[in-house]
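Number of protein chains: 2
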Amino acid sequence: MSIKPTLHTCLSPALLHLYDLNDAVVVVIDVFRATSTIAAALYNGAEVVVPVDTVAKAIQISKDINGIAAGERDGKIAEGLQYGNSPMEYTRDFIGGRKLVLTTTNGTKLLYMALENGVADIVTGSFPNLSAVCDYLLQQNKNVVLACAGWKDRFNMEDTLFAGAVIHQVSNAFTIHCDSSATAAHLYNQMKNDLIGNAQSFTHYHRLVERFGLIEDIRFCLTPDAANVLPVYENGVLKKL
Amino acid sequence: MSIKPTLHTCLSPALLHLYDLNDAVVVVIDVFRATSTIAAALYNGAEVVVPVDTVAKAIQISKDINGIAAGERDGKIAEGLQYGNSPMEYTRDFIGGRKLVLTTTNGTKLLYMALENGVADIVTGSFPNLSAVCDYLLQQNKNVVLACAGWKDRFNMEDTLFAGAVIHQVSNAFTIHCDSSATAAHLYNQMKNDLIGNAQSFTHYHRLVERFGLIEDIRFCLTPDAANVLPVYENGVLKKL
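These protein sequence lines are chains A and B, in that order. The number in our numbering is simply the position in the first sequence, starting from 1, with 493 added. The number in our numbering is simply the position in the second sequence, starting from 1, with 493 added.
Misleading hints may appear alongside valid ones.
Note: identical chains are not told apart, hence a pair may lie in one copy or across any two.
[What the hints assert, rightly or not] With a straight-line Cα cutoff of 27 Å, these simulated DSS-like cross-link-like pairs (lysine-lysine) come out: (1) 497 / 556; (2) 592 / 635; (3) 497 / 645; (4) 497 / 635; (5) 497 / 550; (6) 732 / 635; (7) 635 / 556; (8) 685 / 645; (9) 602 / 645; (10) 497 / 569; (11) 556 / 592.
Treat the hints as calculated values from the structure; they're not laboratory data.
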């Protein structure tokens with residue numbers, strides 16, 4: 494019997510230090526909306542997505558590399574930027590062949606935390622690229638940490654639900670002994686037949702839909718394989734595998 | 494229409510700083526086993542339970558007040574102590590009229606964190622005192638934080654499940670806009686008809702039952718109202734309300 498690699502789910506960036514990230518694949522998950530937007534942009538032909546942690550860096554780097562500076566703070570387009578964190582903005586016409594420099598409240602912050610912890614193998618995941626993430630995890634045969642971005646370090650439902658969707662597909666290939674993963678799987682099993690209907694009870698849904706009217710964003714972010722590419726982080730940028 | 498107080502669930506001590514604890518009731522939850530043991534000891538007539546954060550303090554204070562020093566590290570009776578963290582140890586014959594000085598891996602640590610945050614109103618909860626906790630929360634009409642002790646800052650199922658049991662009873666009296674609370678409620682609804690059967694999948698179950706044979710402890714810790722008193726923290730000690 495071969496020993497299976499482990500899989501853990503980390504429910505908040507503030508808990509990331511509890512997990513052994515050495516030689517692991519870390520899946521950064523920010524369903525509403527950074528990692529959905531990253532999948533959309535790369536699926537629609539963006540050459541790279543450069544995740545950065547501040548608006549100032551987004552502006553500077555976009556100038557340096559002739560890219561598009563974009564980002565979000567508290568759910569809105571960040572002050573000083575023209576483009577935001579909606580997957581709907583990054584159509585093939587607009588983003589094809591271009592470079593996107595993106596900064597967001599939760600997702601890019603978590604990615605930087607993984608980098609600071611020396612993780613070599615970082616990918617990003619959300620429902621639009623669910624199968625691509627699962628295929629990759631099954632191929633790598635390495636330990637996995639599903640890292641939920643949450644909202645300002647708080648637990649959120651949608652990222653945990655995506656972890657559950659991944660576990661649903663890959664659990665046979667991993668040793669899973671982790672109450673967070675069990676919870677993610679429970680939630681996904683309970684909600685999988687109507688993700689969008691269930692989303693109406695999520696705190697983030699209220700933030701995005703009631704305050705900003707972003708129902709199309711929500712639908713896209715919860716649609717499996719709508720932009721089924723695998724963003725892999727290497728040398729400071731996310732590229733399609 | 495009167496404004497209802499808020500209720501939040503904090504899934505790990507490492508997330509406690511995210512919640513506003515001012516003027517709130519904080520319910521410290523460590524189902525396996527500190528807060529179950531505290532309920533058992535007070536139910537069985539212990540005069541007070543003194544929660545302390547180190548074994549050395551447990552020994553010193555128990556000498557000072559002629560109490561019983563007890564505690565647990567990593568699921569076992571802590572080195573240097575004679576009594577542990579099992580609710581089964583604290584029968585009426587043994588603990589009636591006596592003072593218990595208790596130190597545990599997770600529960601007492603979380604209680605100290607709440608104290609450092611200046612919380613004035615701390616109670617402890619677990620299934621054996623579920624109704625007493627709910628009655629108190631309904632009477633107080635204050636904001637509530639259900640604070641799960643977890644396991645070394647990791648999320649665990651049993652503490653979250655107890656939060657869900659409380660929410661199940663009190664939700665009508667509170668404004669609940671918190672994905673952690675929604676998750677707790679989902680888990681409880683899914684598992685409530687067979688808590689002990691479901692517990693077999695919890696990581697902590699394996700730690701306690703497979704390593705230490707503590708199935709009786711598990712049963713007690715998951716039995717609603719088996720020791721239905723309310724431990725309230727005041728002036729350094731937990732007393733029955």
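Can you tell me if residue 497 and residue 635 fall within 27 Å by alpha carbon in one copy, between copies, both or neither?
within (9 Å within a copy, 48 Å between copies)
Tell me, please, which holds for residue 497 and residue 556 at an alpha-carbon limit of 27 Å: within, between, both or neither?
Close neither inside one copy (46 Å) nor across copies (50 Å); limit 27 Å.
When Cα atoms must be at most 27 Å apart, do residue 685 and residue 645 count as within-copy, between-copy, both, or neither?
within (25 Å within a copy, 31 Å between copies)
Tell me, please, which holds for residue 602 and residue 645 at an alpha-carbon limit of 27 Å: within, between, both or neither?
both (10 Å within a copy, 24 Å between copies)
Could you figure out if residue 497 and residue 550 sit no more than 27 Å apart (CA to CA) within one copy, between two copies, both or neither?
Intra 41 Å, inter 43 Å, cutoff 27 Å: neither.
Quick one: residue 556 to residue 592, C-alpha cut-off 27 Å, is that within a copy, between copies, both, or neither?
For residue 556 and residue 592, only the intra-copy Cα distance (11 Å) is at most 27 Å; the inter-copy one is 69 Å.
27 Å Cα threshold - placement of residue 635 relative to residue 592:
So residue 592 and residue 635 fail the 27 Å test inside a copy (30 Å) and across (51 Å) alike.
Within, between, both or neither, where residue 732 and residue 635 count as close if Cα-Cα is 27 Å or less:
within (21 Å within a copy, 50 Å between copies)
27 Å Cα threshold - placement of residue 556 relative to residue 635:
neither (38 Å within a copy, 52 Å between copies)
How would you classify residue 497 and residue 569 at a CA-CA limit of 27 Å: within, between, both, or neither?
neither (42 Å within a copy, 29 Å between copies)
Should residue 497 paired with residue 645 be assigned to within, between, both, or neither, using CA atoms and 27 Å as the limit?
between (33 Å within a copy, 25 Å between copies)
In the structure shown, a violation is registered for the earlier hints numbered 1, 2, 5, 7 and 10, in ascending order.
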